[in-house]
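Peer 1: Protein chains in written order, with the working numbering: chain S, 12 to 427; chain F, 383 to 1344; chain X, 52 to 136.
Bear in mind the hints are in silico, worked out from the structure with no lab data behind them.
Be a bit skeptical, because a hint or two may be false.
[To be verified] Once the Cα atoms are required to be at most 30 Å apart in a straight line, the calculated DSBU-like pairs of lysine-lysine come out as:
1) K116/S to K524/F
2) K116/S to K434/F
3) K1091/F to K1234/F
4) K924/F to K864/F
5) K866/F to K524/F
6) K434/F to K126/S
7) K126/S to K116/S
8) K434/F to K864/F
9) K924/F to K41/S
10) K106/S to K116/S
11) K950/F to K112/X
12) K1233/F to K1091/F
13) K112/X to K1091/F
14) K1314/F to K1279/F
15) K924/F to K866/F
16) K126/S to K1279/F
17) K126/S to K589/F
18) K106/S to K1279/F
19) K434/F to K866/F
20) K106/S to K126/S
21) K524/F to K434/F
Owing to the predicted nature of the structure, the values given are computational and were not obtained by experimental measurement.
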Amino acid sequence: MARFSILNLARNAISEHRNWTEHWRTPELKSDYDIVLVGAGGHGLATAWHLARVYGLTNIAVLEAGWLGGGNIARNTVTIRSNYMRDESIPFYVKSVEFFDRLTKDLNFNTMHSKRGMVDVLQTWGMVRDRRRRRLTMDLHGARYRPLSVQDLRRMVPKLTGGGPDARMPILGAEFHPDAAVNRHDAVAWGYARAIDAMGVEIHQNTPVTSITRGADGAVTGVETPRGFVRANKVALAVSGHTTTLSETAGLRLPLRTINLSAFVSEPLQPCIDVVVNCPDLGIYLSQSDKGELVIGGATDLGQSFRRDVKQHVFEDTVAAMLDLFPAFRRVKLLRQWGGHLDIAHDASPIISTTDVPGLFVSAGWWGGYKAIPAGGLCLAHLLATGTPHPLATPFGLRRFRHLEYVLEAGTTTAR
Amino acid sequence: MAPERLAEGGRIDRRRVLRFRFDGREMTGHPGDTLASALLANGVRIVTRSFKYHRPRGIMGSGAEEPAALVALAGSAAQGNVVPTMLPLTEGLDVRSIHGWPSVRFDLGAVAGLFSRLIPAGFYYKTFMWPDWHLFEPTIRKAAGLAPAPEAAPEGRYETRNAHCDLLVVGAGPAGLMAALTAARANARVMLVDEGIEAGGNLLARKVEIDGGPAMDWVARAVAELAQRPNVTHLQQATAWGWREHGLVMVQQRAPGHPGLIERGWRVRAGHVICATGAIERMIVFPGNDRPGVMLASAMQAYVNRWGVRPGQRAVIFTNNDSAHEVARDLRAAGVELAAVIDSREGVEAADLPLRAGYQVQRSFGHAGLRGVEIAPVGGGPAARINCDLLAVSGGWTPAVHLHSQSRGSLRWDDAIAAFRPDPVAQSSASVGAADGRFGMTQALQSGAEAVAAYLGLAVPDTPRATEQPYNIAPLWSVPGKGKAFVDLMNDVTLDDIALADREGYGAVEHAKRYTTSGMALDQGKTGNVNVIGILAGLQGKTPDQVGVTTFRAPYTPVSFGSIAGGKAGPGVLPFRHTPLTGWHMAKGAVMYEAGARWRRPGYYPRAGESFQQTVDREARAVREGVAIYDGAPLGVYAIEGPDALRLIEHACTARYGTLTPGMGRYGLMLTEDGLIFDDGVTFRLSEDRFLMSCSTGNADAVGLHLEKILQIDRPDWRVHVTNLTHQWMNATICGPLARDVLGRLTDMDLSTAAFPFMGLREGLVAGLPARVARVSFTGELSYEINVLPRDLQSLWTALLQAGAPEQITPIGSEANHVLRVEKGFLSLGHEADGTVDPYDLGMGWAMARKKGDFIGLRSVLLRRRSGQPRRELVGLIPEDPGADMPEGAPITPGGKRMASEGLVTACVHSASLGRRVGLALLVDGRTRIDKVVQVRLPDRCIAARVVAPVFHDPEGLRMRG
Amino acid sequence: MLLLHCPFCGPRSEIEFSYGGPAALPRPDDPAQISDADWVDWLTVPENRIGPVPERWCHSKGCGAWLTVRRDIRTHEILEVRHGA
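With these hints in hand, go ahead and build the complete structure from the sequences.
Peer 2: What follows is the structure, encoded as structure tokens:
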């Protein structure tokens, strides 16, 4: 693997960049692997990286239906944070933030990791209470959160001129989460892909898994693809919205439903927002990319969806909420919008787990799963390599549903 | 007149002069001009500097496709990143170039161009890693971002309008107008929307004939006819920018023509959509194809024909298809010297043109503007230089399939036109004319009529004949050579970048787009994306359809956030709900809180000189020692009536209600089917099959939906009516040991405990007003909740205040209520019931009437509790330091260590009656730990607190029952 | 913004409706009689295939009817709307 550095870049400039080679191979598909990872998205690639790097396993195929990094890792809003509420969740995300902080060096690929912090704008007393509870619990696990006055908030985000006493939701306070960061999502996918390829893991794009096969004993024997059957005793699904599509080919039903979440960016503007701004009461968040685009996300659509589209009223509400706080952005223009589908578990917490099908593993239920990529990869790799859950992922097994012992991060149950 | 303005011709009004400024220079134009045509008429060649290399750039297009030029507007209409080809010129525009410092003509940033070899596509992924990205990020950020963010909100408003129509026709070119006419004549409800200043599409820029006369005469007749018909809505400067599900098309109307209205967003729900969106001309990628003076051929044609502007003196045409031949003739007719027509196709003939068939432009010369081009035979051969200041390029035409694609219609590659064209539709729609790849004029007119006829089931009407121009093309995507050849001008992506991406494994079209950022700028690659596909196909030995297209994402062109939000602006969105007493509270100086579901209620009523705690103590003491009153109007109330009313309530709530006698009520909990607490409240029995159920303010609507869902989905055979009375009965509640005395002065009801016991409900007159009085208590004191009609609430309130004056009846807010309920250990949704607990956790097993059989949530509660996992249980906490404030939400950890918590503080108040702070907590196995000391862990210290039963006041409940 | 055909009010925009979640099979008459596993399955596992799935919507800002809708969650095509289960 050619090392990336400014010197190497300069050397290649002399040869007009004609000597750079592929960042990953396009190998022949073998008929047999130790492990098949389904999905070359963030979680699949990160799992492969940990399997190779930490557990020394490289006879692995990562099978991708389309192009690598083309799922939710290409569609999210790149907010990395650990301001969760529960003891079960916080350590996991703290670990993930740590991984992200050093990912550029781990991968020798600039992920443009920008640890700029996130500010939560609080507009109801219930939310003030919620965030105080988070702050005090996060402190137990080394995640940082700091209350801000409204004046401090406005100093930190001068463009935030709305939310005054006469607004529909006056701002009551704020909390600042200095651990939060944004980075370049494509670079994370490509950096992992390049690194695992160099360690011998194979990535096969345009190789959709059509079914999971089981032997007479019920255990997984491999996967069917249009390029032929691939034998493996361990198959792990990291396919977001399509988890149930695949698990049901092995006769496995899971407490997941697939929903659509959309996001959008504005035209590029000169730097005007230096932190991630999250408004949980209004249900929007935004940050400004290094290219100058405002990257904005909102609520999920109601109802299940495999559509990757935009529901107009959800979108309008998100824009209206943003303009409530940033009235000067009314003349700013929408440049691009898109949707992505994700699966959400019955209790809205993730699943990293073995299943009732021996040899079949799942990493699913990632709702805001971008920030979980490195830790999710570690935990799934640990489970695949050792057969036992990683301590950080113990709460996220499927077992919890047997006795309805939910991890209720959102503090409420899902709609029913 | 502006220097490059022709003496005559074009669709501008030369009699009127509009003044504007560009970078401080005074200029003039005319009504009918766009900013772009006016700039060109004034001889402006450079309007911007490019994003990455700071190369000078001019206007290259004439419409939404503009691939290079962006400006900023200052003054009252301030906005950034404005496309000058889409902006009608208006008086007083103050236009600024962007990206040039100190000016676009002399840009110091252009030194970046000197290092350009160091910064190919994706260079930043390979460097800036040591010591850390944060060292470089501020500089990189500063370089990005084009225009500055606006400083203030614009004056004026936006609005949204809903529209429904049988047919929505997008595009008012020949095919769209013909479609709209056909539909209008068939009396269908028609909407015609077009992004241009006036209707006509490409006819505005061309000299063709329809029906034996000038095409624009036909357009004028068509527009006039549509205007007469009441079943037609015709909008110009209105872009259909997004197509959602179920025929919903979003339209941004930029000139709604109403004072104070900036823009109007339309949600159009159409039975059928006709995409008559035309086609977009492509650039050919060759070294120096970005030099000011290089333009799309169609744009140059538009400037001479439509706007009477001569964009230069001596032109070369470079084309791979027939359409630019027409442009050559129009330029010559406008007095532009025609140096050569370079056509990459072998064997093409045009006797009237200086044609060089089988040649291509190898590169362009010039510094800030075009001075000449080098041409050579396509297969190789001696090169020659031609001097010129204009180069009109046509790489062929791409149907504008964006809307079709957004609707989920698929595309197929057509070799005959070397472009992707619409394939089967996914929603009720049809593409017509050039948008369907039918470039002949007569054919376009026909296809517009045919599509409408097919949808409406009509015979196809006769359509006019038009001048025909042949369209033949032999693809030529790029001309390799020395120097930068741009596939995306706004993002400065070159041919070499695409090749590098392919070499490094990013050859999949979506990877190439992301790795190079080609097609991701403000123009979204309208002129260049197909070139990228063609170039990748060439590199990979594939056909363009094997390479495939990237997703067409909304919006078609950038849309202001203001018009998207429309009327959803300001405090009128989701307004507060007020009780009839809000005015009184505010006049008394109450601090108002949101109490849930947007209801505003008093938090506390401070008196002059009082601290917050003094106020709350005073209000709480009034309840414990005297008499107080509070506004309970927002409380949720449902009437549940019918033979199966009892079954519904016992199914939905945990308690037993069959044993209730009429006139009595019982507290119960409502669970989700997951066995977690969802709501709580008291339900009264009015008669055998009539009940009143109260629920929390915040959940009032959700409870109604929940009950109806049970009835309509699960138990349709049950005969029950559920009626929301939240807004029909509103209460004022008086509470405190003296409450009975005060109320007795206003009513004839027998208030004795024997006649009107705790949890009783009585109907009668209070202060002469019809009332339902409930003896419930959320404070632990004697309490009467007096429900009256909303219009009577003020009268009741006033009467109670007067009657209680001798006892100094005290209005109290939610802060005092909170203290009082904590003292009693009453649960509060959002505090103790945080969505994770069941009734047993809260010590409310008594409310679980398991003998009555199944009810919602029971199965799950029992299943979960069988797992044997320890549960967090409600306890009281007494801090060892009586003044210590245990913050709500603070964790309790084993031994106060920084580790996973074993519980949390759910509430902590200063109890005036106990003279100390007390709290409630959820604690693992809490009920077995009474009298033990636990540690509340704060970041900087621990607070030791003793675990006690969760009731601090009147544990037997004698006061509220007495 | 879906267009849902309320059987009582006609075609109406999604903003008039409240979403009621995936439509489960009918609630067991006596949940105590079924196994833990079956109860958990009924409670937590929705139908989630790429294609038509049943879901519940209430025309809450209209007539108040609770509807069962079969919607193809890949295309948004509405195959059926009926009152009640």
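Peer 1: Hint by hint, say whether it matches the structure.
Peer 2: Going through the hints against the structure:
| no. | hint | in the structure |
| --- | --- | --- |
| 1 | K116/S to K524/F | holds, 25 Å |
| 2 | K116/S to K434/F | holds, 26 Å |
| 3 | K1091/F to K1234/F | holds, 22 Å |
| 4 | K924/F to K864/F | holds, 25 Å |
| 5 | K866/F to K524/F | holds, 24 Å |
| 6 | K434/F to K126/S | holds, 25 Å |
| 7 | K126/S to K116/S | holds, 15 Å |
| 8 | K434/F to K864/F | holds, 19 Å |
| 9 | K924/F to K41/S | holds, 25 Å |
| 10 | K106/S to K116/S | holds, 16 Å |
| 11 | K950/F to K112/X | holds, 18 Å |
| 12 | K1233/F to K1091/F | holds, 25 Å |
| 13 | K112/X to K1091/F | holds, 15 Å |
| 14 | K1314/F to K1279/F | holds, 17 Å |
| 15 | K924/F to K866/F | holds, 25 Å |
| 16 | K126/S to K1279/F | holds, 29 Å |
| 17 | K126/S to K589/F | violated, 58 Å |
| 18 | K106/S to K1279/F | holds, 20 Å |
| 19 | K434/F to K866/F | holds, 13 Å |
| 20 | K106/S to K126/S | holds, 15 Å |
| 21 | K524/F to K434/F | holds, 12 Å |
Checked against the numbered hints listed earlier, the structure breaks hint 17 alone; every other hint is satisfied.
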